[in-house]
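Listed below, chain by chain, are the residues.
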Amino acid sequence: MGDNKKDQLQGTLDLLVLRILSTGTSMHGFAITERIEQISKDVLRVEAGSLYPALHRMAESGWVKSAWGVSDNNRRARFYTITAAGRRRLADEEAHWASLTAAVGRVLKHA
Amino acid sequence: MSAWSRFVNLWRSKALTREFDDELRFHLEMQTERNVQRGADPVDARTDARRRLGSALRAREGMRDARVMVWIESLVSDLQHGVRLLRRRGGLAALAIATLSLGIGANAAIFTLLNAILLRPLPYAASDRLVAMVDRFTRLSANDAPPTVPEILDVRDRTHTLGNIAFFDTRDFRITGGDEPARVFTARVTASLFPTLGVQPALGRLFVDADNLQGRWNVVVLTDGLWRRNFGADPSVVGRTLVLNGAAHTVVGVLPRDFSVDYPGLSTNEAIEMYVPFQLYEAYTSRLDQFVNVRRVTTIARLRDGATREQASSDLQTIARAIGTEHPELYQRAGKDVGFQMDVVGLHDMVSRGARSALTFLLGAVLLVLLIACVNTGQFLLAQSLDRESEVAVRASLGASRGRLFRQFLLEASVLAFAGGVLGLIQAMWLVQVMVALIPGHRPELDTLSIDRTVLAFTAAISCASAAIVGVLPALYFSRANFSPRFAVRGATGAGHRARHVFVAVEVAVAVVLLASAGLLIQGVRRLQTVDHGFSADNVTVMQVRGIGSQATRPIASITYQRFVDQLAATSGVEAAAAATPLPFRNPSGATFTIEGAAAEAATSVRRLAGYQIVSPDYFRVFQIPLREGRVFSVDDVPDRTRVAIVSETLARGTWPHESAIGRRIGVGPYWLTIVGIVGDVQATPLDPARGQQIYVSNLQQFEPNMNLAIRTVPGVSITEAAIKKAIWAVSPDQAVFNIQPMAALVSGPLAQHRYIATLLSAFAALALLMSAIGVYTAVAYLAARRTREIAVRLAIGAQARDILRLVSGQTFAWTVGGLGGGLAATAAVGSVVRAAVRGVTAFDPSLLAAQALIYLVVAAIAMAIPVVRTLRAIDPAAALRVE
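Protein chains in written order, with numbering that gives the first Met the number 0: chain A, 0 to 110; chain B, 0 to 883.
Bear in mind the hints are in silico, worked out from the structure with no lab data behind them.
Quantities reported herein were computed from a predicted structural model and do not represent experimental measurements.
Each residue gets a CB set at the ideal place from its N, CA and C atoms; glycine is no exception.
Be careful, since some hints might not be right.
Across the chosen pairs, the derived CB separations fall in these ranges [as the list claims (entries may be wrong)]:
| id | chain 1 | residue 1 | chain 2 | residue 2 | range |
| --- | --- | --- | --- | --- | --- |
| 1 | A | D91 | B | L94 | 36 to 46 angstroms |
| 2 | B | V42 | A | N72 | 44 to 54 angstroms |
| 3 | A | E46 | B | L118 | 56 to 66 angstroms |
| 4 | B | V868 | A | R87 | 25 to 35 angstroms |
| 5 | A | W96 | B | G797 | 55 to 65 angstroms |
| 6 | B | V42 | A | N73 | 18 to 28 angstroms |
| 7 | A | N72 | B | V501 | 25 to 35 angstroms |
| 8 | A | D91 | B | S449 | 23 to 33 angstroms |
| 9 | B | D43 | A | V103 | 35 to 45 angstroms |
| 10 | B | D43 | A | S21 | 28 to 38 angstroms |
| 11 | B | D451 | A | D91 | 46 to 56 angstroms |
| 12 | A | R87 | B | A464 | 31 to 41 angstroms |
| 13 | B | A827 | A | R87 | 27 to 37 angstroms |
Residues from chain A that face chain B, not an exhaustive set, calculated with beta carbons under 7 angstroms [what the hints assert, rightly or not]:
| id | residue |
| --- | --- |
| 14 | G28 |
| 15 | F29 |
| 16 | A47 |
| 17 | P52 |
| 18 | R74 |
One chain only, chain A, in its complex shape (with noise of 0.2 angstroms):
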């Protein structure tokens, strides 16, 4: 992992999107738009664009995989299921944003 701008904003998407998955339910790319959304009270919106590159490239690190099936309404759709070393890889970017979050939340406290 690398540690520019791109790939931190990367690996938050990753997170927000590992996170929405480790409940253990499998959906697909705009339920996941949706729950966060839903959750975030809209204040963080997922564009596609950025969504579906994640989701592709977290399938193939092996952290999520993906089967096609039918939606609520009847249509086609890929959905998207946590693996265990996507779990892993959870665990890992939760306490790298926790000390992260600590981080910052000292320094604005403390400068």
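Since the structure of chain A is provided, determine the placement of chain B on it from the hints.
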């Protein structure tokens, strides 16, 4: 995503794009629907959805990039990782590469020969349409005999599937007018041979059909080789006159450089230097004369356009049936059908027969060597990765998938196999040259040998296969292990190394199979070589003279030969001289004989067959064949006296078990021969030590223009070629004397191919032995290194060196013995393969196998002892205990 679907994805990007589009379209539709649900105008809703989707194109490209880039990046990093690891273990990696390269190199070299002889098409136009014609006698179990000239002419007149039909045989011609009379190995051909093979002259013309008619014999076509060697590549050679067999011939043309038909599979064991037209005399073309059953020509035909080989086969069947019905006197013996059939065989199959089984056998042997090399290298990778167990475990727990680990092994194996393949190819180029230089006999296929695309493809294929085997072995080991802290425990106790030991057992088994096969072959060859042939070849020199030509009318030939023999016998250093057709050991033609006084029905139902040789009186003295009873031939056995014969012991005892054969008469052909002597049995053919029935007649009574001469020299005295030629020329100054050689060379010559195969196989077996010994060594060395601490503890509490040896090597030894047993069992099966591949190898000798097993155990024991002893020397118990 599996490696396969990923690979497929690279090529079916269209389908992939459609999948991306489907996914994006779904997203777009869902977004639009949601917006409408929230009360937006459908058009606005869609616009909004589009906006929120961002550029669909960008998303799609992003998805593709994600798929491909992640794969490539990880591939590159794994490759770098692999190369780094291999470089860190430079010495061992070099050993692994060297091992693989030896295996791959041997395979590439053998395959180069196989490709040249079995796979490459013959160097003729549309050569896959060329066939050879053969006769079969199903009731006589005689297969693929050459057809007779009348049969070929009948087929030519009646076939509707064969276009051109040509035939040829070979002769020694005597050329005079140069420094000394010389012999030219010449083919007598029908004019149709050259158009059938699609060859054009380099100079002048080739033959026309009229050249095959009687009396048109005096034209010759030179090969490129003879033209360059004897005529200095003189372009004005066409029209020159040569004196051949004492008569003037005109050179009409020269053949192109690479043209030849002198393949051993086509009954031609030497390079043809010159071509003359086959004279279609009445004696050859009719079924009336003495040559009616002589089968000496090789036939080559070209399938007509549109005709298949199967059609040609059934065509010839029909024609053969007709011929059989038309000539019952030839094809029905004593009222019984001999099962006469004719068939076509692909010309390439005909040319390569005999070499096929030997080459595939050798390829099998080197593939086994490569298997050992792969297992060895797999062991090396496994040893390296077991050392890396913690690293592997860490990588696994960090989320590296099994597939990723598997790929890591495959990549490392590929790096090794690629390097091994390149090195192997270089070795092969060298090895091929050595093998071709040593190959016995004349093989025109090898004149234009090259490492061509087929060989490169084969080398690439076996390198890839090696990489797969080398990579899969350690991967299998790890795929069964679950990546848990148990790793550490396993490392410390040295238990759980079954995988390594299975490798060792496999290597040992394969090496033993090769070793035993080589032993079997060498033993077979030695047996054929050292068996008592019934005659003595020591101090015997043989030679040929040809082209008695105008003198070859009876009985002058006999007289001329008798004068050669007398002159040679009078030469100083010569003990005795004789003439013979053929020489002993050279497959005498069989003659059927009848017994005077035997009941008529017995004479017809029991046909007796014996070898038939025409010899001069001193033949038995020259070859030291013992006289058992009666007398040998004398110079008084001349045509107008009683026709006499000498028979072998076996024939005499088999025919007259209770009385002496002397004075009895046997019928051979039109003559009754009175038996005057009985001599010891001799071996008739090189590959069969059996000694059979033999009839000898005197050359003074039986006309024969083409004879060999043989002289026995006084022991310790060698006679020069010049002295021999001088003696011959004293009788007949125009005589060409050639093939002057020790009889011993003729005896061992036919076994040359056997010896060649045995030598190659021995080399490969030695390689296998060495490699498997290295395998045993590395296994034990690894175990010893892993258990250094335990060994130190045991030494500290008083264990002896042999206890340690037993502790460390015991398991390996058990597996080695297991492999040995498996190998010996497999050898019992392989023995029949060896016998099938190499004629004359018969016995399956348990004592030989026991000796081989013993050799192997000694080698394995040494390989096991070295690392243990080294460990013991290196250990300082106190220091070792302090570690960790």
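Quiz prompt | B:V868 versus A:R87 beta-carbon gap, inside 25 to 35 angstroms or not | solution = 47 angstroms, violated
Quiz item: At the C-beta level, are B:A827 and A:R87 separated by a distance inside 27 to 37 angstroms?
Solution: Violated, since B:A827 and A:R87 (Cβ atoms, about 54 angstroms apart) do not stay within the stated range.
Practice problem: Return holds or violated for the Cβ distance of A:E46 and B:L118 against the range 56 to 66 angstroms. | Solution: This hint holds: roughly 60 angstroms between Cβ atoms.
Quiz item: Against chain B, is A:A47 within 7 angstroms by beta-carbon distance?
Solution: Cβ of A:A47 sits 5 angstroms from chain B, so the hint holds.
Quiz item: So does A:D91 sit 23 to 33 angstroms from B:S449, Cβ to Cβ?
Solution: 58 angstroms, violated
Quiz prompt | Assessment of proposed distance window 35 to 45 angstroms (beta carbons of B:D43, A:V103) | solution = This hint holds: roughly 39 angstroms between Cβ atoms.
Quiz item: Lying within 31 to 41 angstroms: is that true of the beta-carbon distance A:R87 to B:A464?
Solution: Holds, at about 36 angstroms.
Exercise. Given the hint of 36 to 46 angstroms, check if A:D91 and B:L94 actually sit that far apart at their C-beta atoms.
Key: Given range 36 to 46 angstroms: holds, Cβ gap about 40 angstroms.
Quiz item: Holds or violated: is there a CB of chain B closer than 7 angstroms to the CB of A:R74?
Solution: This hint holds: A:R74 lies near chain B, its Cβ roughly 6 angstroms from the closest one there, short of 7 angstroms.
Practice problem: May I ask you to test the hint 46 to 56 angstroms on the CB atoms belonging to B:D451 and A:D91? | Solution: 55 angstroms, holds
Self-check item: Range hint compliance [Cβ, B:D43 to A:S21, 28 to 38 angstroms]
Solution: Distance hint for B:D43, A:S21 holds at roughly 36 angstroms.
Quiz item: Falls inside 55 to 65 angstroms, the C-beta gap from A:W96 to B:G797?
Solution: 60 angstroms, holds
Consistency note: the structure conflicts with the earlier hints numbered 2, 4, 7, 8 and 13.
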